[in-house]
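A.B. asks: Chains as they are written, first to last, in the numbering used here: chain A, 58 to 380; chain B, 58 to 380.
Because the hints were derived from the structure by calculation, they are not lab data. Since the model is a prediction, treat every value here as computed from it, not as a measurement. Quick reminder that beta carbons are idealized off the backbone N, C-alpha and C, glycines included. There's no promise every hint is true.
Unchecked claim - Anything over 10 Å on all C-beta distances counts as not near chain B; from chain A, calculated: (1) Thr106; (2) Gly107; (3) Ala117; (4) Arg308; (5) His310; (6) Ala355.
What the hints assert, rightly or not - Only pairs whose alpha carbons sit at most 25 Å apart, straight line, appear in this in silico DSS-like list of lysine-lysine: (7) Lys374/A to Lys138/B; (8) Lys138/B to Lys343/A; (9) Lys350/A to Lys320/B; (10) Lys320/A to Lys350/B.
Stated by the list, open to error - Stretch-level coverage of chain A by chain B, calculated; a stretch enters the list once three of its residues show a Cβ under 8 Å from a Cβ in chain B: (11) 290 to 304; (12) 326 to 339.
2 protein chains.
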Amino acid sequence: MKKPAGASTASLVDGVRAADPRAIGRAISALEDHEPGAEQLVRELFPHTGKAFLLGLTGAPGTGKSSLANRLAAHYRAQGKRVGVIAVDPTSPFTGGALLGDRIRMQQHATDDGIYIRSMATRGVLGGLARATGDAALVLDAAGKDVILIETVGVGQDEVDIVRLADVTVLLLVAGLGDDVQSFKAGVMEIADVFVINKADRGDTDRLEQELKVVLGLSRRADQWEPPVVKTVATEGTGVPELAAAVDAYRAHIEGAGLREQKRIERWQDRLLDLIRERALERVLKASVGKDKLAACARQVARGERDPYGVVEELLKAAGVNG
Amino acid sequence: MKKPAGASTASLVDGVRAADPRAIGRAISALEDHEPGAEQLVRELFPHTGKAFLLGLTGAPGTGKSSLANRLAAHYRAQGKRVGVIAVDPTSPFTGGALLGDRIRMQQHATDDGIYIRSMATRGVLGGLARATGDAALVLDAAGKDVILIETVGVGQDEVDIVRLADVTVLLLVAGLGDDVQSFKAGVMEIADVFVINKADRGDTDRLEQELKVVLGLSRRADQWEPPVVKTVATEGTGVPELAAAVDAYRAHIEGAGLREQKRIERWQDRLLDLIRERALERVLKASVGKDKLAACARQVARGERDPYGVVEELLKAAGVNG
Chain A
58 MKKPAGASTA SLVDGVRAAD PRAIGRAISA LEDHEPGAEQ LVRELFPHTG KAFLLGLTGA
118 PGTGKSSLAN RLAAHYRAQG KRVGVIAVDP TSPFTGGALL GDRIRMQQHA TDDGIYIRSM
178 ATRGVLGGLA RATGDAALVL DAAGKDVILI ETVGVGQDEV DIVRLADVTV LLLVAGLGDD
238 VQSFKAGVME IADVFVINKA DRGDTDRLEQ ELKVVLGLSR RADQWEPPVV KTVATEGTGV
298 PELAAAVDAY RAHIEGAGLR EQKRIERWQD RLLDLIRERA LERVLKASVG KDKLAACARQ
358 VARGERDPYG VVEELLKAAG VNG
Chain B
58 MKKPAGASTA SLVDGVRAAD PRAIGRAISA LEDHEPGAEQ LVRELFPHTG KAFLLGLTGA
118 PGTGKSSLAN RLAAHYRAQG KRVGVIAVDP TSPFTGGALL GDRIRMQQHA TDDGIYIRSM
178 ATRGVLGGLA RATGDAALVL DAAGKDVILI ETVGVGQDEV DIVRLADVTV LLLVAGLGDD
238 VQSFKAGVME IADVFVINKA DRGDTDRLEQ ELKVVLGLSR RADQWEPPVV KTVATEGTGV
298 PELAAAVDAY RAHIEGAGLR EQKRIERWQD RLLDLIRERA LERVLKASVG KDKLAACARQ
358 VARGERDPYG VVEELLKAAG VNG
């Protein structure tokens, strides 16, 4: 067992609210690890949240997400905004899958009090990566960050879940990666509010833009927004102000239409479902069996001695969760 | 509500056991959609499972997973084995993100009774994609398939969870995709039992093989297995027999060391946890609130009127799930 965080919750809350990087780091870790007192921490931070703008940035490996996140962070910092970055991309330099050059580039932010960068483990996070990312965003929000960039790889349900936390989602594409049109079809398109064609200085960018506009022209969104396509060269910063302007336009659109609250309600509904799942599991395990008994049950199922649904039924009953 | 599947469970079980493709398809859909009677279906199919060999095939988009799955399926068919394919890759031709050529190529299997191909939706599957994939594998197992190929994109927790269902995991790499070494570092390496360098007729294949062997030489596995590296040109079928031989060697290794049962126990433990989560959630929602009340709670949280953990606590209490 880890030491209870309860006793120091008040000072941790104070530290987070003062945007102390160490307090922010400790708070995120406490939530990530489900430390005792984590719940109390969320309860005390929660009233100080709701102001940050969450910007999700997603795209396949190799599209240059991290360079763009880096440039966007610098752009918002230059406007005097406080910026948080949550990098959940295993290929991101933020998370340590780094090329040395990228690491060095990020050092420019390391001494900048207005930016806080947090990389998330991509495996084995209790309660799932989306929950952990949501909690980290909550801490950064309470710490007074104006903009929180959430960077993920745009493949897989897990990443889609993370992106759904965001107020605006930016999808990066690069001409010539080959599977662009395929990923359009796979429904990744629907999650994006703004499209970026990065590395616009090479590849057949015009053709990709054309294809993209055809596909976009065929779809109609419930929020009446027509997702713009912005061209960037992230490594040089080209197109970054235009991207920021497109994001602002979307923000104005959803706020004007009263849709931001609607999105947040949907987001919280998903998160409440996740929380119920995790809490209920914890309690079923505690009440009925514990991990040892579970392993014994798994052994019986693996040997074909018992069927899985029968086992689960028994465990739920023992915990008082009846059908 | 969907019509109860209960009345026809017996005939569905018979159909699955007779490897009737329509019965297999209906059974998988029934489990995917949590239809009434789905639980009974699993209970009746379960005693007929445990014989199939599950082969997970994963890799980044563009590595040629689907071509290789196609070739492997043909290889096993030529040996007289019955083959099931579960494609959960949104970029896979199996799942519809298809290039016409790939679709046509797959037609060769369409009239072959020994192969059954199922593509999985990649979003919005109740209880998660890993659970749905596991259930589909269970149906194919009960239908007497000797080998079940599970094809996923090798990025994201969701895909890692799916791969963990498999008895053997094959990871595809391609020279020159740029982020190979990065993905090694991100821990994707650890999930692979056999490595394939596909498209070995182009790119700097030797260098990639060299890098791979260096990284592999640094790690030591608990099961004492040294993952081999196989070179293939999937589009031409080159290296496919060698890959099948490497898979067989791994299979012999884990069976010889008594590790197959251990892997299956671990897999069932994960699946039991997933099942408990989902069942408990269903019951909490049913007992305490239902979806409407949940939306109202989400609204309160989104407006900052209540904190999320307080809401969840109340919902769990109302369902009798106490801390």
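A.B. asks: Each of the hints needs a verdict: does it hold here or not?
C.D. replies: Outcome of the hint check:
Not every Cβ of chain B is farther than 10 Å from the Cβ of Thr106/A; the closest lies at roughly 7 Å, contradicting the non-interface assignment. Once the 10 Å rule is applied to beta carbons, Gly107/A is inconsistent with being away from chain B; the minimum gap is 5 Å. Chain B draws Ala117/A into its interface by the beta-carbon criterion, the shortest separation being 6 Å against a cut-off of 10 Å. In this structure Arg308/A is separated from chain B by more than 10 Å, as the shortest Cβ-Cβ distance comes to about 17 Å.
The non-interface label for His310/A is consistent with chain B: the shortest C-beta to C-beta separation is roughly 19 Å, beyond 10 Å. For Ala355/A, the non-interface assignment is contradicted: its Cβ lies about 4 Å from the closest Cβ of chain B, within the 10 Å cut-off. Distance restraint check for Lys374/A and Lys138/B: the Cα-Cα separation of roughly 42 Å exceeds the 25 Å cut-off, and the hinted pair is therefore not satisfied. The suggested pairing of Lys138/B with Lys343/A is violated, with an alpha-carbon distance near 44 Å, which exceeds 25 Å.
Under the criterion of a C-alpha separation no larger than 25 Å, the hint pairing Lys350/A with Lys320/B is consistent with the structure, at around 17 Å. Distance check on the hinted pair: Lys320/A and Lys350/B sit about 17 Å apart at the alpha-carbon level, within 25 Å; holds. Under a criterion of three residues with beta carbons nearer than 8 Å to beta carbons of chain B, the stated coverage of the stretch 290 to 304 of chain A fails, only 0 such residues being counted. Here the stretch 326 to 339 of chain A counts 11 residues with a CB under 8 Å from a CB of chain B, which clears the bar of 3, and the coverage holds.
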